[in-house]
Each structure stands twice: as structure tokens, then as C-alpha cells.
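S.K.: If you want the building blocks of each chain, they are given just below.
There are 2 protein chains.
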Amino acid sequence: MNKEFNLRLVLRVMGSLALVESVVLLAMCLIPLIYGENDAYYFLISSGISFTFALAALFFGRNSSTQIGKREGSVIVTFTWIIFSLFGLLPFWLSGSIPSFSNAFFETISGFTTTGASILNNIEELSHGMLFWRNMTHWIGGIGIIVISLAILPLFSTSGTQLFAAETTGPTKDKIHPKISETSKRLFLIYVILTATETVLLYLGGMTFFDAVCQSFATIATGGFSTKQASIAYWDSPYIQYIIILFMILSGINFSLYYFGFKNKFSKIWENEELRYYLILLFTFAIIITFSLIDFSKIQSFTTLEKAWRDAFFTVSSLMTTTGFCTADYMTWKPMTWFLLLIVMLTGASAGSTSGGIKMIRIVISAKTCYYEFKRLIHPNAVIPVRYNGYLVREDILTRVLAFTLLYLLVAAFGIFVLALSGMGFQESIGGMITCLGGVGPGLGLVGPSGNFANIPEFSKWFLSLMMLTGRLELFTVLLLFTPAFWKR
Amino acid sequence: MNKEFNLRLVLRVMGSLALVESVVLLAMCLIPLIYGENDAYYFLISSGISFTFALAALFFGRNSSTQIGKREGSVIVTFTWIIFSLFGLLPFWLSGSIPSFSNAFFETISGFTTTGASILNNIEELSHGMLFWRNMTHWIGGIGIIVISLAILPLFSTSGTQLFAAETTGPTKDKIHPKISETSKRLFLIYVILTATETVLLYLGGMTFFDAVCQSFATIATGGFSTKQASIAYWDSPYIQYIIILFMILSGINFSLYYFGFKNKFSKIWENEELRYYLILLFTFAIIITFSLIDFSKIQSFTTLEKAWRDAFFTVSSLMTTTGFCTADYMTWKPMTWFLLLIVMLTGASAGSTSGGIKMIRIVISAKTCYYEFKRLIHPNAVIPVRYNGYLVREDILTRVLAFTLLYLLVAAFGIFVLALSGMGFQESIGGMITCLGGVGPGLGLVGPSGNFANIPEFSKWFLSLMMLTGRLELFTVLLLFTPAFWKR
Numbered sequence: 113m114n115k116e117f118n119l120r121l122v123l124r125v126m127g128s129l130a131l132v133e134s135v136v137l138l139a140m141c142l143i144p145l146i147y148g149e150n151d152a153y154y155f156l157i158s159s160g161i162s163f164t165f166a167l168a169a170l171f172f173g174r175n176s177s178t179q180i181g182k183r184e185g186s187v188i189v190t191f192t193w194i195i196f197s198l199f200g201l202l203p204f205w206l207s208g209s210i211p212s213f214s215n216a217f218f219e220t221i222s223g224f225t226t227t228g229a230s231i232l233n234n235i236e237e238l239s240h241g242m243l244f245w246r247n248m249t250h251w252i253g254g255i256g257i258i259v260i261s262l263a264i265l266p267l268f269s270t271s272g273t274q275l276f277a278a279e280t281t282g283p284t285k286d287k288i289h290p291k292i293s294e295t296s297k298r299l300f301l302i303y304v305i306l307t308a309t310e311t312v313l314l315y316l317g318g319m320t321f322f323d324a325v326c327q328s329f330a331t332i333a334t335g336g337f338s339t340k341q342a343s344i345a346y347w348d349s350p351y352i353q354y355i356i357i358l359f360m361i362l363s364g365i366n367f368s369l370y371y372f373g374f375k376n377k378f379s380k381i382w383e384n385e386e387l388r389y390y391l392i393l394l395f396t397f398a399i400i401i402t403f404s405l406i407d408f409s410k411i412q413s414f415t416t417l418e419k420a421w422r423d424a425f426f427t428v429s430s431l432m433t434t435t436g437f438c439t440a441d442y443m444t445w446k447p448m449t450w451f452l453l454l455i456v457m458l459t460g461a462s463a464g465s466t467s468g469g470i471k472m473i474r475i476v477i478s479a480k481t482c483y484y485e486f487k488r489l490i491h492p493n494a495v496i497p498v499r500y501n502g503y504l505v506r507e508d509i510l511t512r513v514l515a516f517t518l519l520y521l522l523v524a525a526f527g528i529f530v531l532a533l534s535g536m537g538f539q540e541s542i543g544g545m546i547t548c549l550g551g552v553g554p555g556l557g558l559v560g561p562s563g564n565f566a567n568i569p570e571f572s573k574w575f576l577s578l579m580m581l582t583g584r585l586e587l588f589t590v591l592l593l594f595t596p597a598f599w600k601r
Numbered sequence: 113m114n115k116e117f118n119l120r121l122v123l124r125v126m127g128s129l130a131l132v133e134s135v136v137l138l139a140m141c142l143i144p145l146i147y148g149e150n151d152a153y154y155f156l157i158s159s160g161i162s163f164t165f166a167l168a169a170l171f172f173g174r175n176s177s178t179q180i181g182k183r184e185g186s187v188i189v190t191f192t193w194i195i196f197s198l199f200g201l202l203p204f205w206l207s208g209s210i211p212s213f214s215n216a217f218f219e220t221i222s223g224f225t226t227t228g229a230s231i232l233n234n235i236e237e238l239s240h241g242m243l244f245w246r247n248m249t250h251w252i253g254g255i256g257i258i259v260i261s262l263a264i265l266p267l268f269s270t271s272g273t274q275l276f277a278a279e280t281t282g283p284t285k286d287k288i289h290p291k292i293s294e295t296s297k298r299l300f301l302i303y304v305i306l307t308a309t310e311t312v313l314l315y316l317g318g319m320t321f322f323d324a325v326c327q328s329f330a331t332i333a334t335g336g337f338s339t340k341q342a343s344i345a346y347w348d349s350p351y352i353q354y355i356i357i358l359f360m361i362l363s364g365i366n367f368s369l370y371y372f373g374f375k376n377k378f379s380k381i382w383e384n385e386e387l388r389y390y391l392i393l394l395f396t397f398a399i400i401i402t403f404s405l406i407d408f409s410k411i412q413s414f415t416t417l418e419k420a421w422r423d424a425f426f427t428v429s430s431l432m433t434t435t436g437f438c439t440a441d442y443m444t445w446k447p448m449t450w451f452l453l454l455i456v457m458l459t460g461a462s463a464g465s466t467s468g469g470i471k472m473i474r475i476v477i478s479a480k481t482c483y484y485e486f487k488r489l490i491h492p493n494a495v496i497p498v499r500y501n502g503y504l505v506r507e508d509i510l511t512r513v514l515a516f517t518l519l520y521l522l523v524a525a526f527g528i529f530v531l532a533l534s535g536m537g538f539q540e541s542i543g544g545m546i547t548c549l550g551g552v553g554p555g556l557g558l559v560g561p562s563g564n565f566a567n568i569p570e571f572s573k574w575f576l577s578l579m580m581l582t583g584r585l586e587l588f589t590v591l592l593l594f595t596p597a598f599w600k601r
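Here the protein sequences line up with chains A and B, keeping their order. Heads up: the first sequence is residues 113 to 601, going by this note's numbering. Heads up: the second sequence is residues 113 to 601, going by this note's numbering.
No lab work stands behind these hints: they were computed from the structure. The C-beta atom is built at its ideal place from N, Cα and C for all residues, glycine as well. One or more of the hints may lead you astray.
Said to hold, decoys possible - No farther apart than 27 Å at their CA atoms in a straight line, the calculated lysine-lysine pairs in the BS3-like style are these:
1) Lys-446/B <-> Lys-419/B
2) Lys-600/B <-> Lys-480/A
3) Lys-446/A <-> Lys-600/B
Unchecked claim - Over 10 Å on every C-beta distance to chain A, these chain B residues come out as not near it, computed from the model:
4) Glu-149
5) Phe-171
6) His-240
7) Gly-318
8) Thr-415
The following block holds chain A by itself, in its conformation from the complex (with noise of 0.2 Å):
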């Protein structure tokens, strides 16, 4: 702590970022030409912008020693989505398909934290290569959190270091393998087999090879971005929404899970007990929305019922996942069923997936907490430890649990109050914050479903951009870099 700031350090990887991102965006001049559209220089120049960044920023940071600390951890952690938002963005705005910058950095950093919150509102005239970029953008930001947070963070936290101890998506975490480069390609290759996999089965149903992929890739990353203003609703088929329903979900399970699946160590996964109350949850308040979706005063054909089911169920699953895609306008429903719909965005789904939100292991652990508490009061006398996954979970991890939940709920309602103070309304303060924290899209109001983010004030849009990243990062990572302590020398 008492070192120098490796600044060096942190302008080689940001360099070697902005090198990556130069090379895709240059790879994406492919798409306009496939498609015979005028718009590939916009990459080309983008590219080029980020190519001269990262040579500058490679060549200062040159000769630079290896040593980090959590403050460079923590910078470089957070500045990675920015600096790939920052060159992310040209295309758009470049090309004028998002002339107000504010407006074109919402949008790319909404999809690296794969969040899916919008400022636009004609969807159908962007060109296929800004389509193709914008949900590209949500297909990286899901590879890299998961390479972060199954592969780089276990690392550190058992070499004792535990340098990135904050950004760990979850609690526990049970390690896929030691060397990090080895681990990474696995998650990357059960990445590319799901998205692949629903590519081809939502071409069977009927898409375009085009959006196919671009709905997969937002799906996988549960981004919620979609190629259509209608988002899913625009394919009026329960093939292609079973089929997105079903790939939100699996996109909501730890990753780890499927690697444990693959090497036949299924106990693993049914003593999973995150991923029973992720399921047991979402099916729960998918069949109380079915419920409240129907009349009951008449007699409800199949069509009817099924059409309920299929919205309810697919609101359910896109909001906890935190995907954001929409098959129904949940603001023409009762306002009960956006209480739901708000406590699932809080929740999100697994630790270790694409998810945002709270996560689900820690609402286990934060509920089972409380119930012991009961517990604890009715034998006194009793030791009565908390335990998960048949594990005793220790009293300062519980502590941790804890204090992470609360410090969500406080940093929400902050930032509820931010976003009143700057002049928005009530549903749409509330709403807003939760959907941006949470990574999911879609809030109550004029930013509800058949809304969009285009109308709040601008101060708003860069306030709900460092949320976006905020939640994304689990809270920690960025908000040490607001605390003087982590500065000291």
C-alpha cells in the first residue's frame, strides 16, 4: 500500500485493451461490406483512433514493473469498461447514428456492463454494422466478467493476496482449474457453444441469420439489446420465446456449473443450492404474475392462457436474469406485479454468470441469516451455524454477505434520490436506478418497456453510466475509488 502508483503498469493494460478493441473494430468494416452498406470507414477510423491510444499508451508504459497492488487492481479493473466504452462509442457517434456523445457513451458502456438500458428510439434505421456492434459490445462485456470473476479473481483470493477480494461475483466459489489462461478457455468455449446453439435454433424458428446472432449475443450476455424497437415481441412466435426464455435461464446459471457438467460431476450441480432457489423463485413469481394476467370473470380459451403464461414467464426470466428483452409491456399491467418485477431485478441470478444484480447466493445467505435469527432466539443456548451448500459458512463471511446486501439497498436508494434530485419522476427514479444498478434494461415508467432513457436529464445519463459500471463491478471495485483511505500513502 505504501508504494508508489504503478501508473506504468496501468497504461500497458489499458494499451493492450485498446489493442484488442482496435483489432475488432476493424474486424467489424466485414459487416457494412457483407451487407453492401457505406458505413465501414466509421470502424476503420475507430479503429485506427484506439490502435494510436493503445501504441501511445504502450509506449509509456513501456519497461514498466510487474508490481500491482489493489489500487492498480481496482483502476484497472474499472477503467477496462471505460476505456473500452470511450473507443466503443465512435461508431456511433461518428457515424451519426448517435450524434450527442452523452448519448453514444450511455448507450456502448449500457452494453459492455451488458445492461441493455437504450436512448434509442428507432432501433430498425441503424445500419446492420452498428447493430452488429452494439450487441457485440454486450457479447464481450459477458466473456469478460466471466473470465474475471471464474477465472482471474479465485487466483488471487487463494494466493492470499486476495487482490481483487472485492470484484468476486458471490461468496464461494469452487475453482475450475489452476491456471488461468487454461480456465478461461473453457468458460470461453461453453460461451461460444450457447450462443452458437441458440443462433441456430432461432434460425430454425424463422430469424434472420442476422438477428439470430445478435439476439443470441445479447441473450448469452444477458444484455437484453435487441435488434428490433418491438425488442422479442416483434417475433409474434412461442418457438423463438421459449427458446430465448430458455437460454436467459441457462445464462443465469454459474458457469462453473456447466463445466462441472461436462466433467459428469452432477452432484455438484443438484446440490447446488443457488441454483434452486434461482429456479424455484423465478417459477414462483412467474405463475403469481400468470395468475394476476388473467380474467377470471370469463371463460379463458388455451390461446389466452398460454399467451399470459408465456409473458409472465418471460418478464420473469428476462428481468431476473437481468437480460432486459420484453414480450409484453409490464406497465399496462397491475401494479403488484411490479413489486415482483422490482425485488427480481434486485436479486439477479447466479454469482459467476453474466447476471447483475444482488445474486442469489447472497440472498440465500442473507435470508437464511435472518431465518436463524429465529432460530438463535427460540434455543439461546444451541450453536446454530449457518450453512450453504452443506458448507459452515463463517460469521465474518455472514457479516460480509450481509453488509454487501445492505450496502445495494443503500447505494439504490442514494441513487434513487440522485435521480429524483435531478428531476425525474417517481416511478421513473426508482425503476431507473434499480434496472441500471442490476444490469437489466428496462425500468418502471417513461423508462419502463415501451419506453427508453433518450428523455432524462443529462446529468441522469452519465449518473446511471457509473452506476451501470458500479453494479456491474459489485459495488467495491469502484466505489474504493472514491474512498481517501485508498489513497493514502
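Given the coordinates of chain A, work out where chain B should sit on it, guided by the hints.
M.R.: Relative to chain A, chain B alone:
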């Protein structure tokens, strides 16, 4: 735990309480006689019914063993409030002042739990006797919770049996006196002195003696029932409103601090972190809201500025101490202010006072724990304990405090959902639940300061009655009764 449930003892205690209430109701006959009103009869008959029940309960409970366990304790504490409300509603109901039984029960339990949520929409049409009894329920409920939390509970928890551990208002406490009766006497004396002082000061400010007594009852108990439909806005006198602000704030302080004050142990007061943060939060929010009420586009007179400050200061003091008096309709203010008001309704004031909510001591400890998690991240090998009032807080106490805070928010979220399910609106569900659970009074929207709870669904009235009680008894006492394990032999 494995003993037979001691129903006889419960009956005996209920009998004694009903006996006390029948005496108070009998004394209430004096008010109609003084004011020459003709409803003394209803108090007499209510007293008679209460007395008959008392005799029956004492008869069936005679020769009961004094063996008391947790189950008996929880049942006694919960049913104390229910029995008091059932007999206390009789004058309102029999006299036709409140013709609906649900409404009468709601109003009475709102009184005894010192909530102050009302179903009346023309308060001034009630007789002096009914108005006095209405505010008397506050005053009885207020001293009841103070004696339970500061005189009775500490004895049980220090004797090792932790009988009432659930209901202690606040996780740490200083004992005043080892004997219940002595401590109770001293607390009652402080309570009477505060009430009498406020009565005299309000009377000097121009209130009638009757109104002065009634408003003082409601202030010191942090109840909030007024004798006027317009609440404190009726008295458009800065003197009266500042006096009420002062006594609301005083009533939000832990009563044991007054005791230490009388004993010249001022260090206990200066060093009390709960008091410090309570005042800091109160003044900060009052100042923010004042600024939001001022129109900076034109030059402001001192009168306008003072009125803005007074309204903001009054409202924050009233809602944070969970009193619920009003001088302004905050639903006409900016939505941003509503969130600040919801936050103070959730926090409440000090443990060991008549106020409700989570209590500042838990908020302070929870906030410190969250903050210390940052410190622990920065210095992972250092032992960084959480301190409160200079003492270390044990890790299991931390867990308990965080679990309580989370459980409170969980119960609030659940209740908001139930209210929305029963047909209440978005704002009404949020505001109604938070205000009733915290024992405040006014909520948001139609149940806001200028509205009332008369038109909410019948089911919601009973549900909110239960929530007022659950909040008053700090969740565990009431929730335990719904825990199957609690009843298992």
C-alpha cells in the same frame, strides 16, 4: 421449551391488563361530564365489558404457576396490544363515532402502537371525550413500550434467560436500576414531566388546555393523532410549531439518557453516538428539503424562508421520530423530498424512545459495518473491529443487527406487495406500508398527509393493523408466533 403452554398465566396477565383498562375507561367518563356532553355512558359500558372480561380471565387464570417461557412471553406481549385495542375500540364503536368495526380497530391499534394513521376524515366532529380517549391510547402505548424496553427487557436479557431478547428496542443498553418497579417509576416520572412541560408551553402559546393536553400526549408518545383535521397546520403559530418540533425531537431520544442527565452523568449523553447521528441526519435532511422548497429565481422575504425552514424541519422531525404530525402537505413538494422522507420513516429515531422504525442505533452499526468492509479490503491482514460508543461490537451482534435491518426491509417489501395485491396503488402501497410498519402515520398519495386510510380495502386495514403491531414489537415477537418451530414441543 418442552413444557406445556402456560395458558393460565397468560389469562391472568390479560385479566390484569383488562382490569387496568376498565379503570382508565371508567375515569374517561369524567371528560364528557366536564364538557357537558352526553356520551359518558359509552365509556361506562366499555369499562363494564372490559371489567367482565377481566374477572373471567382472572378466574380461569387463578392459581396459575408463575413458570414463564418464551412462548408465554411472546404471546403476552403481542396480546397485550391486541386486548387493549379490542376493549379500547368500544367507546368509538358503541357511540357510533366510528361505525365500522374494522375502522375502529384500525384507529385504536394505531393509537396504542403510537402510529397515528387514521381513518377519520372529519376529526372535529368527535366529542371531547372521544378525542381525549383517542389521544390517551397514544399516551398509554408510549409509556408501555418505554417500560417494556427499558425496565422489563434488560432484566431478562442480563439474567441469562433472554426471555424477551426479541423485543429489546436496540441491541445494546445501559441499565438504569436493577428493580423493575424502581426503573418504571423513574421512566414514568420523566414521561410525565415531558408531557406536563409541553402542555404548559402549548397552553401559553394560545392553545386551549384540552388541545394542549391532547397534542402533548401525541407528541411525547410520538403518536401523531391531532384533535384537528388539519393537524398542527391548524395552529398557524411559529411558537406552537417550534415547541412541538422541540418535544418531538426530545421524544425521539433514548429515555435512559434523561435519567443519566438527572444524575449529572453528562458524558453518557455527549458520547452517545445514536443521539449524535440522529440529530445530524435530522438536520441534514431538513436543510436539504428547505432548499428544495425555496424558489431561487426570485428574491425571498424572511417570512417565506422561515416558513420553508419550519415546514421542512417540522416534517423531518415528525416523520423521523415517527410522530406523524403535519404542518404542510409534502405530496405537493418535489418527489425527491418524498424519498428523503421515506428514508427517515425507515430509520426512525433512537432505541429506548417511543419512536418506531429500524432505530438509529441499528442504522449506525449497519453503516459502520458496511464502511469497515472497505477498510478490511484495504488492509486485509489487520483486525478492524466495529466500535459503538467506544465499545467493541461482537461479530455475532453485528450479524444480528444486520439481519434485523435486512429483515425489516424484507418485511416492508413483502407488505408493499401484499398491499398492492389488495388493490392499493403504487405510491399508496409503498407509503402505507412504510408508515404503518414504522409507526409514523401519514404515507404517500391518497394515504398522504391530506388523505387518510378510510378508503383503502377492508383487508388492507387488518393487514396494516398487524403490521403496526409487528413494527412496534420489533418484528421478532410477532413473527415468532407465526414460526412453526416456535410451537413445537
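S.K.: With reference to the structure, classify each hint as holding or not holding.
M.R.: For each hint, the structure was consulted:
1. Lys-446/B <-> Lys-419/B: holds, 17 Å
2. Lys-600/B <-> Lys-480/A: Answer holds: Lys-600/B to Lys-480/A is near 20 Å, not above 27 Å.
3. Lys-446/A <-> Lys-600/B: violated, 39 Å
4. Glu-149: It holds; Glu-149/B is separated from chain A by about 44 Å at its closest Cβ, greater than 10 Å.
5. Phe-171: holds, 32 Å
6. His-240: Non-interface label stands for His-240/B: nearest chain A Cβ at 40 Å, farther than 10 Å.
7. Gly-318: holds, 38 Å
8. Thr-415: holds, 27 Å
Consistency with the previously given hints fails for number 3 only.
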